[in-house]
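Chemist: Fit chain B to the supplied structure of chain A, relying on the hints for placement.
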Amino acid sequence: MSYDDVLDRYEPVLGLETHVELGTATKLFCGCSTVFGGEPNSQVCPVCLGLPGSLPVTNRAAIEFTIKIGLALHCDIAEWCRFARKNYFYPDMPKDYQVSQYDEPLCTDGYLDVALDGRTYRVEIERVHLEEDTGKTLHVGGDTGRIHGANHSLVDYNRAGIPLVEIVTRPIRGTGKHAAAVAKAYVSELRDVLRDLGVSDVRMEQGSLRADVNVSLMPPDADQLGTRTETKNVNSLRSVERAVRHEVERQAGVLDAGGRVVQETRHFHEDSGTTSPGRSKEEAQDYRYFPEPDLVPLAPPRELVEELRASLPEPPSVRRARFAETHGYTAVDMDQMTNAGVVDLVEATIDAGAPAAKAKGWWLGYLVGRAGELGLEVAELAITPAGVARISALEDEGSLTNKLARQVADAVLAGEGDVDAVIDAHGWRVAGEDELVAAVDAAIADAPDIAAKIREGNQGAVGPLVGAIMKATGGSADAKRARELILERLS
Amino acid sequence: MKRSQQCGHDTSSRAERTLATLAVVAAISRADVAHLASLARISMTDAELDVMAGQLDVILGAVGRVQEVAAADIPPTSHPLPLTNVFRDDVPAPSLAPDEALAAAPIAEGQRFRVPRILDEE
Numbered sequence: 008m009s010y011d012d013v014l015d016r017y018e019p020v021l022g023l024e025t026h027v028e029l030g031t032a033t034k035l036f037c038g039c040s041t042v043f044g045g046e047p048n049s050q051v052c053p054v055c056l057g058l059p060g061s062l063p064v065t066n067r068a069a070i071e072f073t074i075k076i077g078l079a080l081h082c083d084i085a086e087w088c089r090f091a092r093k094n095y096f097y098p099d100m101p102k103d104y105q106v107s108q109y110d111e112p113l114c115t116d117g118y119l120d121v122a123l124d125g126r127t128y129r130v131e132i133e134r135v136h137l138e139e140d141t142g143k144t145l146h147v148g149g150d151t152g153r154i155h156g157a158n159h160s161l162v163d164y165n166r167a168g169i170p171l172v173e174i175v176t177r178p179i180r181g182t183g184k185h186a187a188a189v190a191k192a193y194v195s196e197l198r199d200v201l202r203d204l205g206v207s208d209v210r211m212e213q214g215s216l217r218a219d220v221n222v223s224l225m226p227p228d229a230d231q232l233g234t235r236t237e238t239k240n241v242n243s244l245r246s247v248e249r250a251v252r253h254e255v256e257r258q259a260g261v262l263d264a265g266g267r268v269v270q271e272t273r274h275f276h277e278d279s280g281t282t283s284p285g286r287s288k289e290e291a292q293d294y295r296y297f298p299e300p301d302l303v304p305l306a307p308p309r310e311l312v313e314e315l316r317a318s319l320p321e322p323p324s325v326r327r328a329r330f331a332e333t334h335g336y337t338a339v340d341m342d343q344m345t346n347a348g349v350v351d352l353v354e355a356t357i358d359a360g361a362p363a364a365k366a367k368g369w370w371l372g373y374l375v376g377r378a379g380e381l382g383l384e385v386a387e388l389a390i391t392p393a394g395v396a397r398i399s400a401l402e403d404e405g406s407l408t409n410k411l412a413r414q415v416a417d418a419v420l421a422g423e424g425d426v427d428a429v430i431d432a433h434g435w436r437v438a439g440e441d442e443l444v445a446a447v448d449a450a451i452a453d454a455p456d457i458a459a460k461i462r463e464g465n466q467g468a469v470g471p472l473v474g475a476i477m478k479a480t481g482g483s484a485d486a487k488r489a490r491e492l493i494l495e496r497l498s
Numbered sequence: 035m036k037r038s039q040q041c042g043h044d045t046s047s048r049a050e051r052t053l054a055t056l057a058v059v060a061a062i063s064r065a066d067v068a069h070l071a072s073l074a075r076i077s078m079t080d081a082e083l084d085v086m087a088g089q090l091d092v093i094l095g096a097v098g099r100v101q102e103v104a105a106a107d108i109p110p111t112s113h114p115l116p117l118t119n120v121f122r123d124d125v126p127a128p129s130l131a132p133d134e135a136l137a138a139a140p141i142a143e144g145q146r147f148r149v150p151r152i153l154d155e156e
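If you read the sequences in order, they're chains A and B.
No gaps in the numbering here: position 5 of the first sequence is 12 in this note's numbering, and each next residue is one more.
No gaps in the numbering here: position 92 of the second sequence is 126 in this note's numbering, and each next residue is one more.
Source of the hints: derived by calculation from the structure; they are not laboratory data.
Heads up, the beta-carbon is just placed ideally off N, CA and C, and yes, glycines get one too.
Among the hints, a few may not be true.
Stated by the list, open to error - Partner residues aside, some chain A positions facing chain B, computed with beta carbon under 8 Å:
hint: 1; residue: Ser40
hint: 2; residue: Asn48
hint: 3; residue: Arg67
hint: 4; residue: Ala68
hint: 5; residue: Leu119
hint: 6; residue: Pro300
hint: 7; residue: Gln343
hint: 8; residue: Asn346
The shape of chain A in the complex, shown without the other chains:
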């Protein structure tokens, strides 16, 4: 049963919980560095290891970053609130609890507008709260465990205590068949907002931005929401979309067969695009939240909140509108570029000297498709905006044909080097006039019957000759000039 068929019969309801690691220099409650990729347990101290006698002190920058996120999402900023202990027994936190926020989040009641295919979806934000990230657990043994009891885990606490902001939406309704695309567009827009705020490097592949995707289905005549599932730690925009599609199809299968959807946590599998059940979610009261006694309450002064509000950058949607006007892009162009995630890349390509139409054409008309074939995010491609601008310039000055230009791009994508290195290595350049004339004469001599037709005025016969010339020159001939030369000779 296909996704579209399902959504003829059910209304999908989405909810997204997005976690973003803040880009502070130090952890939330201690001075340990937050740099990614350090040796295991080299960025830990008595506070983040939860050793007896240590006392946490809150990082001012983490509070300010969280307030900025709340303001950018049009939230109310609490005048007074506290951290809470979330108690649980799992070794990814050495303290047996995580410092989080419970019923007193720092920011509440906001929204983010998401544009998709000419429509704007207002996604309501329930809360934005601050907590500490957990350590990284490496499981050893597992499937191959030969000795009973040999399975164990190894924990690195470098990540434990890094400030983590959780952004929770209210249930998102009314998206219909666009549910999966809206989910992706929301995370993408949120990523742009966070990047522009400078509060995080928002790198999904490194886990500094990760989404939990809630999905449920409602029959059209139902008056209450269906049972939802929560797919955890979805780590790319493409996966957000795939996870929604898969859960929609899976849940419809369960409901259509007369079954009931089980409320549960599920894991997403990148390779198959499917989800599977995870550990059963402990009930909220099992966490026995209580106000963190080691930390004093937060009471952000209103002057600080207004100062931070005044410091907010232009929202990405406004920036995009200005960008469109400057470069003459239409609303449709902008929608396509936004949804493909290439606005910043196109802008950087223009900044590197490419004309606006060319910059858009390269990314949207070629590189997005190549990224899809390679299974990559477009921003992960091994070609830079400057590289694209260089290829575009060589094409414009006639040094590369369109076909050669794409070959050059492909070679750069394959990691062969930068644009000029690739061209030098392959000897790719447009055939010179002498070489072209020789190829034209040879092609005419090889196909006297076609030549005769052209002499009789049949211009449609030119194509096969041009094809032969392109083949003879390894694609380096300028097709337009070849055509002119053929017609000169055979008129």
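Modeler: The following block gives chain B in isolation, referenced to the frame of chain A:
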């Protein structure tokens, strides 16, 4: 700070909830103890559960007496000092060396803390 200025959606119900939690906790049942033990992955015999439930009930009963003096206009105390906004600047400080960090680990392996595997998946 007046409670009406506090954050969150429903500040009035928070105090009620906290009191309700105390009331529930003050009468801890054997089933509550068994549930907590299973969350903590501590295996306890029936005899141990009986003893522990009784002892915890006495302790929580003593703590629960606070409710008798807590008037409706006294908010639950979460911190003994009347302070807010104690912050530090975002400036890195030295961490422990990994061998120091791991010194108290029952077992270390590959410069990581080695722990029993708790959940079957992930």
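Chemist: Compare the structure with each hint and give your call.
Modeler: Tested hints:
The interface hint given for Ser40/A holds, since its Cβ lies 5 Å from the closest Cβ of chain B, which is under the 8 Å cut-off. Evaluation of the Asn48/A hint against chain B yields a held restraint, the C-beta minimum of about 5 Å falling below 8 Å. At its closest, the beta carbon of Arg67/A sits 4 Å from a beta carbon of chain B; the interface hint therefore holds under the 8 Å criterion. With its C-beta approaching chain B no nearer than about 4 Å, Ala68/A sits inside the 8 Å limit, and its interface hint holds.
Taking 8 Å as the C-beta cut-off, the interface hint given for Leu119/A is violated, the closest approach to chain B being about 20 Å. At its closest, the beta carbon of Pro300/A sits 6 Å from a beta carbon of chain B; the interface hint therefore holds under the 8 Å criterion. A cut of 8 Å between beta carbons decides the hint on Gln343/A: the least distance to chain B is about 38 Å, and the hint is violated. The restraint placing Asn346/A at the interface with chain B is violated, with a minimum CB-CB distance near 33 Å, outside the 8 Å limit.
Of the hints listed earlier, those the structure fails to meet are numbers 5, 7, 8, in rising order.
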